[in-house]
Each structure stands twice: as structure tokens, then as C-alpha cells.
Amino acid sequence: MKFIFIIASTMLLFNSTVLYAEDFVMDEAMKAYKANNFELATNLFLTDFDHLNNLGENDKLKAAITFSKNLKIYREIYKKSLLTQVTYLETLVNSEKNNSSAYAALYLAEALYLQGDLDRSKTIYGNIDQRLIVNKSEIKHFHLIGALISHQSKWMDKYVDHRSSFNINNKRDQLFLNYIDIVLFNKNELTLEDLSAFILEDQQQNNSPHQNNHYLLKALIALNRLDLASARIVQLNKQQPAFVEQLGKTKVIRFYDLALTHTLSVFYYEMSKTLFEKIKNHKKLGDIAKFYLSDLELVLAKKENANSYQNKVKRLTLLPKTLANTIEVRSAAHGFLAGNHNRAYQTLKQAVDNLEKDPLISADAVLMCIYLQANCPTIVKNARLMAESGTSKRYTQLSLNVGRYFLSKNEITKARRLINGALFKSDNNNLFANDPILLINLAEIKRLNKNYSDSLQIYFSAAKDYPMIRQIQDAVQGEYLHEQRNSGIPTVF
Amino acid sequence: MKRKKTLFLVLSGFITLFTFSHASNNSLQYGETQKPDTLDPYTSNETTSLRISQLIFNGLVGINDKQEIVSELANSWEISNDSTEYTFHLRNNVFWHPYNGVKQKFTARDVAQTISIITHPKTQSNRKALFEHIAEVYVIDEYTIRFTLEKIGLNDLARFSFKILPAHLFTERQYLKKSNSFAHNPIGTGPYLYSEISNKENVVLTANSDYYLGEPKLKTISLKPFADKNVMNKALSFNALDMVINVSPRHIADLKSDKRFSLTPVNTLSYSFFAYNNNNPHLAKQKVRKALSLSLNREQMLNAFFGNRGTLISGPFPPGSWAYNLDVIPDQYNPEKAQTLLIEAGYKKKQNKYFSDERGNTLSFKLKVPIDNNNESTKRVILAYKNFLKKIGIKVNVDFMERKAWHKAVFKEHNFDITLTSWSFDDASDITTLFHSRFNGPWENNFISFNNKKIDSLIEMGSTTLDFEEKRTINHEIHKLLAEESPYTFLWSLLNYTAYNKKFKDVTIHPYKTFDNVQLWRSE
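In order, the protein sequences belong to chains A and B.
Per this note's numbering: the first sequence = residues 1 to 493.
Per this note's numbering: the second sequence = residues 1 to 524.
One chain only, chain B, in its complex shape:
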């Protein structure tokens, strides 16, 4: 009875809260499981931040869902015969979002300045690699800019899809950090302009009436963060939310049968993993990392926690990638072999319970997980991980942390042993920044400090070759080597779905950018 009463109160609370909190006419409110770290396109490596920044910023070119290069801030371009020079002719009718009530024109200077800002040593960004191929930048005139390339590669034109920053906001400081006000209060040239963070922590964007492709049809788009996925899905059901970016597996069946909503598969190019910090001397040993991977019954976990809505993976690429090596079989659950590897690595089992090192210290690791991952499925994965490791004799202490603190501990300070997270890729499936030893500094993507000369060399060869089949072969080899090295325990790639209310028309959800053609979306 008490449970029923509680449920009633919760439900009526939902209805009251949501019915009055969402004015939906001509606006779209979408739910995410976390607050965006920043709103600019460079200082955060989180999908939530990057997704919202797509609405605010433009590149010189874009790539549509048909794999075509399309014009954005550049109207047209020329490429020299030897492919080392790119000249872009910019649109002359683009304005920056107003700053202090003033609207400035977008020019070639902004493009040049963006490169010097992001490549500045003080800039905190994991996206500096995007600019490594550029040797020189020449501003020819207000609306013409020329680049010469350090070396040519495949898809060089697509590299000019990097987002352009407003030069006039970087006159004093020539670099960008997470703490800069620009990172939280940005201005861009995109279809939506940042309006406010409301007292409910919603990030509110309003339509840019000066957008060069015309004013978007939806007047506002806002991001509403939810700590709990169940609450977020309920909000969608109660019409208090218009879109859920990533529906939790347990709600798929309900939403599928509810005719008000449309479900679209997204982010097939993503996977989850446990990452091992190589700065920890135990985890620096390949045999220990491999033992951790072999100790998990991932098949059972995928089935029990995600209803088999996904596929186990064997290496650093998602199975939907061109680079995935189909000959590499995922590690099979083998706790006996895991223990043998630990013994071979010099560990002994104490009183038949936990392994200890040569000094007699119990083999134990700290697992840091962001608190917003404190949803049901993740909690179960963490608990199962802890139990599987306990079974073979390794202690795991779980530390649920506030997301910002987790992000800082893991990506900036590298102060963790193990963490659970996921990567999302675009079609390039580029793992350079994840495993090349050059990218292990603060806020960079090789946060596990993985360092393997052979992998470094293969990554370099793979990114410079102009031969498609060679590129594929090299990446297959990288996959094979990393599967053996086990810098992560590669878990699974899940079937993710975005759900939205069908009152929104002309919606096409881009597989990983979500809001690619947002200016066409409209509400009935």
C-alpha cells in the first residue's frame, strides 16, 4: 500500500511538474543524461557538448549524411593540382551572433584566428590533431583564405569542417580554456544562438534570424539534463520532453508501441569499455590487463543488462566501422586463464582469496565512474565487473563521482586506475588520439597513457597513406595488436535509439551529429 501511495505521489508529481514546465509551441526540448561540460566546439571531448555546439557553430564545409562534402561558411573552393593548396571563397553574408548587442560580419580573419587559437599551447583541447596537416594560412582578402598542407592525406577537404570561432572575442587572450567565459557563453554563426542556462539548468538556444540558410523554423531548442534515465523517459511519455537522445534499453518496447513517438537508431559507431591507466604499475603489464578482460563474462552481461541489444566487440573500432578486423574474435570468458596470466605476471594468491604483488600488497584497483552514469544498467555492469574480478582474486573499490570531478580526475590528472566509459566516432573511425603516445597530455584522449611504439608507427602509417586498401590493412593490424595488448577491456557496441515526438516534422536524425539539418525541422 505504501509503495502504491509513493508511486501515486511520484506520478502526480511528474504530471504536475511536466505539464506546467514545458511550453512546447514551436520549440523543442531534448533530454540528455548529463549537463554539457562546455558549449564551444573545442574544449570538451563529450558528445553532449559537441552535439549542442553543432547548433551554434559552422565549419567552412560540412559532410552530409550522404557522405557528400557540402558548402557551409565557404561558398566554393579550389584545390591545386598537387592537392597541397586549398583556397576557400567565403560567404559574404554571414554574421556572428550578436555580442553586447553588436553583430559583426564573419570574415577570413576569423578562420585564420581559429587555427591560431586552437593550436596555441595554452588551449585546452583534444581536437588539436584536426589542424596538424595545415602548414600555412594566408588571408588573401576579406572573403578568401588559402591553406597549404604539411602533407596530403585521404579526405583532406573534409578536414576543413572544423568549427570557426569569432576572432573579435579573442583579442586579448589568444587561447581557449574550459574556464573561459566563451566556453560557457559562446557566439557562433550557426542556426541557433546561445540564450541562457535557465534556473532548471536547461541550456536554451534561440533561432538565429540572420542565419545564412534562413531562419530555422523552430524558435527555441533547449537541452534538459536528467540525472536519471528513467525519469527522462517518463518525461517524454508525459509530453514534458520532445526528444530523448539516447533511450534506455528498457524503454524501447514501450516507445515502439506508442504511436506518438518515432524511434531512430543512432550512434552505431560507438562502444563501451573499461579503460586501464598505464601509470599504475600493475596495469602497465599486458598480462594483468588481459587477465582483467578474460575474467569478465561479457556475453552474460550484455544479455542480462541490455537484453542482447548490442554486439560484443574485440578491439578498438566499433563493428560498424570500415576498420573493424572481422578476423579478431572477442576474448572469451576464461577465469582460469586469467588467473594463470596473473601468476605469470608475478602475483600470488593470498589465502586463496586475493592476489598480491611481490611486496605482499593485495592487488586492488580504484574504479572511478561518473555519477550520471549511476543509471540502472551501468550500476549493474559495475557491480558485475567488481564481482567477476573478485572471483579471480582482484579487489575493486568503486568511486562514483560527480561528472565534472570525474572528468578532471580521468582526463586532466590521470588520477584513476580503471574507469568505465564509451567512445563515439564519426565515419573516419580515427583512433589516433586514443592510443598514440603523443596524445597523453592533460585533457587529451589517450588518458590511459598507453605507449606502444609499434602501434604509434602503424597509426602514423595509416593516417598518411593515400592508398585505401593499405589504410584498411593497417587498421586491421592495429585492431589485432590492440586486442592482444588490451589497453581497454573492449565491451560492446549497443543499439542506441533516439526517440522524438511525431508532432515534429521533417526531422532527420543524423547518426552521430543528431541536429545536422535542424533548420528544416518544424513543429505541427
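So here's chain A without its partners, still in its complex pose:
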């Protein structure tokens, strides 16, 4: 539904290209957008960051929508990456018991921490033999994860230990500790000069380029230096593992910086928000920008301003019909975040059960359940009936969202049926040319059904546009190898 909205409003906006036909970057970015390659579109914008500020209001809106679309895809990649990596790393930790990987447990502890499973994360982290962590950058990583877990779990004595393992007289260590403070406490103690010094040292020493890049990126976003962050993101190798453990001549294990995907999604959020903010007072486009600003809050399920958004959204009048149709649903979702659960459920249910039975509105209602991580059994029950009875393209998004909802609740059989249904309702006869969110969910369903080769083939195709998917591919390959039981010989096809 969301996707349809974006497409509809962007068609409205993007088809008026006459004014900006001479703008090469804009044209190329829009071509990429229409081909579902939001990664390329955002990268095109980021390569000329200053130009973004000089764009006309229309184009700013297009750019902002593009960033918000990429935010949603990155969040999807992040979720699937955590799921696949946890499964793989658990297998690895078990199978490496008798072998030699020293780092599998560290990365598993981190993945579990990111997933919110603090207890397991703490247990696994606590059992790591620190003496086996010999790589310089990984020692830092070890203490960072320790600091994060201990801080979150009120394991404060350990947290102090982790801090004290750094030498405060060393400029680099001091900067790292400041970085931890920014991440943990939002303490904005780093100055731009500090960062520049850190960047310079980083370039000169090149000790752990990947992780330093991430630390800096996170700090730059926290300092709202999106211009500097953008320059680093354009150059970022998103396929690169954070650490490659070499075990003898014929064995390597790649470990990925899973939190980086989250950091990038935060960046796309901030970019999108900054651009929408710049247009929100525009006479014609202001309401559309405000709609999307409220959408960003929902994507991240932010509670801070939920109360005011609940009413603000209802006052938006200059909206394309597809967006206007969802105002009630959106308002209810903000209401949910503000604590008005019962009213929100009622509105979302009405949206699904309405007399016109508009699959796009129903799809949006289900999407809200996904964003809010809410339990919506009655809403989804009716939405599912509608999704399964509809065969046209209009039902694609509804089928996908209901499938995604079931997937989030671990109801795999239902999810499979609906996500496959979405694929067949899309009018796209080439599987690979579909919406990346559909592809990522389809691939995940296939993985969960142990149909690894199909899953990998879909990820392989999606990774061409979204290199960050490499960390998922690597994990699925590992899981596949451990799980597969065949021993056959190839045949001529």
C-alpha cells in the first residue's frame, strides 16, 4: 500500500519532468527510482550533496521520497540480516566448538544484542575467552560490544572495566571512548576538530578501516553532519566484511558489521526528514511533505510526537487521493503509539472491513500493524480473506503486507502462501524486476522452508542493486551448507 502511495504521488510529481529535464542527476535518479533501484537513486543524490540544497521544491520532494523508500528497504534488509546471521552464527558457534573460530561467539553476542535478546547475548559474551581475541580492531570491537551489553543490562561494573581497558592518554582511545559516550548516552562531546583528527589518523594508520568508518559515520550522523556522512557513505564498500578470520591456509570466515545497516537506515531517515522539513511550509507541496514526515515517525514507531501527529495528520488537505484515503489509518497508528490502542485497533479494523473494501487502504492498515509491531489478529484475519480472494494487481500490496505480518509472527505457512500470492498478482513477469521488499521477504520465506537455492538466487539478484544484502547471502550460504544433505552428481539439463 505504502509503495502504491509513493508510486502514485511520485508519478504525479515525477511526470512533470519538463522543468528539470536538463538536470542529469535528477533524471538518472528518477530512472533508477522507476526501476525499483532506490539505492542507485539515493547514491546519485549523495554524490552531489550540495546540489540537493539547490533543488527546486518539487525535486526536493522527489529526493526526500527516494530517501524514505531506501530507509524502508534498509530496515527490511536489517531485520532479515539479523535473522539470517543469528541462525548462521549459532550454527557456526556450535560447529566451531571442536574447531578454532575465536570470533563467532563475539559476533553472535552482538547479533543477539542487536536483536534485543539481551540475556542470551550477555551469556554468550560472558563465556568468550578474551585471550583468543587477538586482532587489534577486534579487541576494540570486543570492548565496544561489552560496553553496550553491560550498559543495557545494568552490568555497570563490567561497563567500567570495558572503559578502563582504553588508555585515556591516547588520543585515539580517547576518541573511541567519546564515541561510545555518543552512542550510549547521546553525549555530544566530540567536536568537528576531534573528528577531523580521528579521520586523519584513521587514514594514516588504516588499522581497522571498516569499523572506524562505521564509528565515524555514526558520530557524524549524531552530530548532524549529514554532508560529511554522505561523502563517506558514497565511498563505503557495503559488501565488505568487518573482519575476516583466517584459519589456516584453506579456511576463512567472514564476519559482518550488522549494526552498519541500521546506521545507514538512520542516515536515510535523517536525510529524508531534513528534506521534507525544507518543503513542509510550501503552499502546494507542504501537506504532502508533512504526510511523509508523519510516515517516517511511523516507520520507526516513534512515540515522542505521536500525540500531536495523531491530530496533525487529519488536518492535511492538499493530498493526492491515494494518500488522503489513508489519513484515518495513519492517525490511528499515531494514536496507537500515543497509547490509544483500542481506538486504533477499531479504526484499523474498520479500514479493512469498510464497505468499499479498498485493498490499498487495507494494505496500509496491515502495514501499520507491522510498523507498530502490534498484534492485530482480527484485522489481519479479514485482510487475509480479502487478499486471498483478490486476484488482480491491486491486491499485490495487501497480499505482501499480510504475508509480512504473518512472517513477523513466525506463521510461516500462511506467510508463504500470501507472499507467493503477492508475487503472482504483481504484473511483473520477471521475478527479479519486482519491488525489493517483496523479493527480500520472498527470499526469507524460501530460506525458512529450507529452499535455500531459490532463496539465494533471489538474494543474488537483489544484491546487484543492494550490496548490503551480501551479509545475508553469506549467512544463507553458510546455513545451506550445514543443512543440505545431498550428495548427487550433476545432470545435463
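Quick caveat, the hints were computed from the structure, so don't treat them as lab data.
Since the model is a prediction, treat every value here as computed from it, not as a measurement.
If a hint is listed, it holds; no wrong ones were tucked in.
Chain A stretches covered by chain B per the calculated footprint, using a threshold of three residues with CB under 8 Å from any CB of chain B: (1) 451-457; (2) 485-493.
Mimicking BS3-like on lysine-lysine, the simulated pairs with C-alpha atoms at most 25 Å apart in a straight line are: (3) B:K259 - A:K393; (4) A:K450 - B:K505; (5) A:K251 - B:K480; (6) A:K393 - B:K256; (7) A:K409 - A:K79.
Cβ coordinates follow ideal geometry from the N, Cα and C atoms, glycine included.
Knowing the structure of chain A, use the given hints to seat chain B on it.
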């Protein structure tokens, strides 16, 4: 007008032919683009043959689509603590399909005999590698058999999924060749028994009423070969066929919008390639093979001929495999570099047209392709290949051959320069028989006679390690080396679909075995 009339005649011909030719009640007729070479599970290396043999034969164990080892002819098994001894307890209620009206019981002797038949030097099979890990076989009693292993590896239990042959049909001759009557008129223990090859060349199988899992619900399953994919797809549309194993790309959209049919993606673990015979002194040179690969604009071909329904690949594994090295980038179209490589390899360009060797002979190759690949997309690929090579100065003469003759020329006699074909893998993604120099004999899979000591050694290490991550690393390295060696021009892995009529219920299409749970399929 004339065209319209012809079309009308063709269509009415279809309707007449198909309406009266397919009695569909409780039977399933599926279409393939080729006739099966043989019907036993060992003498052919073609998917069509192997697919139909799955219906006729069983292994001791099977592997289901959930990657679980399941019981087939063995009821249960024990594995010794050191994993070197496997003892199987066999079902005592399994009968061989009737032979001369007599049904014999399946016993441990059949299992032991199968191993001695397939490992017999005279047996023609590319599947002998399946048995290399077995050191000794002991028949303990009629329904118990024990194996000791030469060396242990990953997934050893799954290796016992090899199909069992009937000992009582091999009393005189202890080996199996393509020419044996058994290869064309086999008996097994599976859910279907071979009935006949009808006068329309359909292979007809009938339900085995004694099947140990119960009689299958569909009474007959028949394979109907089609020389032309378009005709096959039309037959499905006219209800003259119930299932098409591999739908051609141009028909996907039509079938997708036709509510009578279900489309299932299959064989993601497959890829197409041009193979280069290393017995040809020119093609034995790495630079020449690499030049051939660089001269092709594969991206353009995939887009133009298959509507981008697939992915370009960079090496010997399909992209859906755990072994695919994601860091190896597919060769980019670079005709200039291709010509430079040819010059470096000692060739000169004659009158600015074709390259010639040091004796002044034009660099030209014979491309042999089976005639049943004479479908539209393949023809276009061949024509494009010829043109791309002509552009850089290499002559290609295309020889379309009858499939059996092509198979013999390529796999038995190695009498070809270049060929176009595809491999289909199971989840093991095992390329041992494709590139290890041990497997380059007649009817074996290394039909290009590729010989590289480093690859041989890595393959051996990869197949013996008990460490999963080491296995993956080694296979990634093999991928990287073979991408550089270019024994094939690795083309693409296509999205393949099987289509079937929705009147068939409880159908689950196995990604590469197709008929894995066929005994449950039923017709409305």
C-alpha cells in the same frame, strides 16, 4: 491471407490432434523437450532420463525437500561411533516390479549387487563416483546390510540414496550399458512401473499396486517428448498435456494469466555454458578460452533472448549454490581484450578478418548442438555466439545434430570443439565429476578433458574435509580459479518454471527431482 489460413490449419490440427489424443482421467501426461536417453538411473547423465527413473526406482534412503533424510527401502539404520560403519535394516515388504509375470522380493542381495554392477569396469555410468566412499559391503541377512567406508565425509548417510537395481536381472551380465535391454525396459521398486513406449514415442508408466507406501493415486504417468517448445506449450493450453516441465520464457506471461495452470519455479541450481574441448590444441590454451568468453556480450544476450529472466554467472556453481563465490565478478564484454589475448597466444589476424595460427590456418571451431535444442532461444544464442566470435576474428561452424548422435559425439567420443549445454545440480553442488581429471573417460562428465593439478587437489580437499567452513572456502577458491581458467564460458542461470493443470491436487514440485512425493498427487 495465406498466413492466416496456415495458422488456422495448424490450430485446428492442434485441436484435433490433442483433443483426441489425451485421455486424462486419473492420468498425468507431462511434456519434455527430448526423449529420455535411457530409463535406468545410471547410464544416462541427462535430467530427462533421471527424472523418469526417479519414478521407477528407490534408494535405501531419500532426501526430502526439507533437507531431511527419510527412509525409503531401509526401514532404519545404525551408524558406528567412528562413523565408518553403516548398517541398514531393510523393509521386508517390498517387491520388484513383475518380470515375466513374476514378482520377486527385494532383499539385501539387490543392494550389494547394485554396487558391484555400477562399479564394474564395463558399466557405462557417470555416477560411479557415488560409490567411491564404500570400502566393503556385508550382507548380514536377507534384510540387513552393512557398509564400511573408505573414508568419512560430510553427508555420508545421504550417499545411500543411490538407486537399487534388481539382482535377478543381472545374473548373466554383471554390468550395465546403455545398449542393455534393462536400460530401456527397466524394473524397479518405485511407485510406477514401466509399461511401454507407445507409437507416439510416449513413455508410459503405470501405478505400482504393490508400492510399499501404498498404490499411487494417479494410475498412469506418461512422458511425451516434443521437438518444439512452442508446440509443447500450445499442447498444455489446449489441455492436451497436463504438465510442462520447463516452460519457455515467452509463454510464462500467458500461463501466469491463465487460471487453469499453476507455475512453480524449478531448477534454480542450473546454468548454461559453452564448453571447450581441451583436446583441441587451440582450446587447450587458457588465453584462447578466455578470449572466447570476453568476446560475448552475455548481458545483451540474456536481455534479448530471455527477457532478463535469469542472472549472469561467473563460475562453475549456480548462483543459488552455497559454493558460489560472490566476490568473483562475471567477465565483462571486452572484444578488444579478447583480441589482445589471442595475439598474446600467438595468433595473427589475416587481412584484418580472421585470426590464424602459426601455420597460417584460420582459427575456426566446430560447434555441435543437439537438434532438440533447436528452439527459438537456443537458436538465437548460437547465432549470436557465432556473430560475436566472427566480430573478433574467429570462425564458427554450427552443426545441429540429432540428440543421440550429439550425446555420443560429445560425451563418449569427445569429438567436438565447442558445445552449448546446461548442468543441473542438487543441493550438494558437487563439481568433482565436471572438472577433476579422473572423470574424463567415455560417458563421464569431464567431457572437455580439463586437466589442472591445482583444481584436482582442491576438489579432493573439498570433498574430504569434515569442516563446513573449510569446504566453503575451498569451493570459493575453486570458483575463482575456474573463472580465470575459463574451461567453459559460464553463461547464465535462468529462472525455470514448471507449469501444471490445477485439476491436479496435492502437487508439490520438487525443485530438481520434480516427482518427489508423486504418490500423493491426484486428479480431480
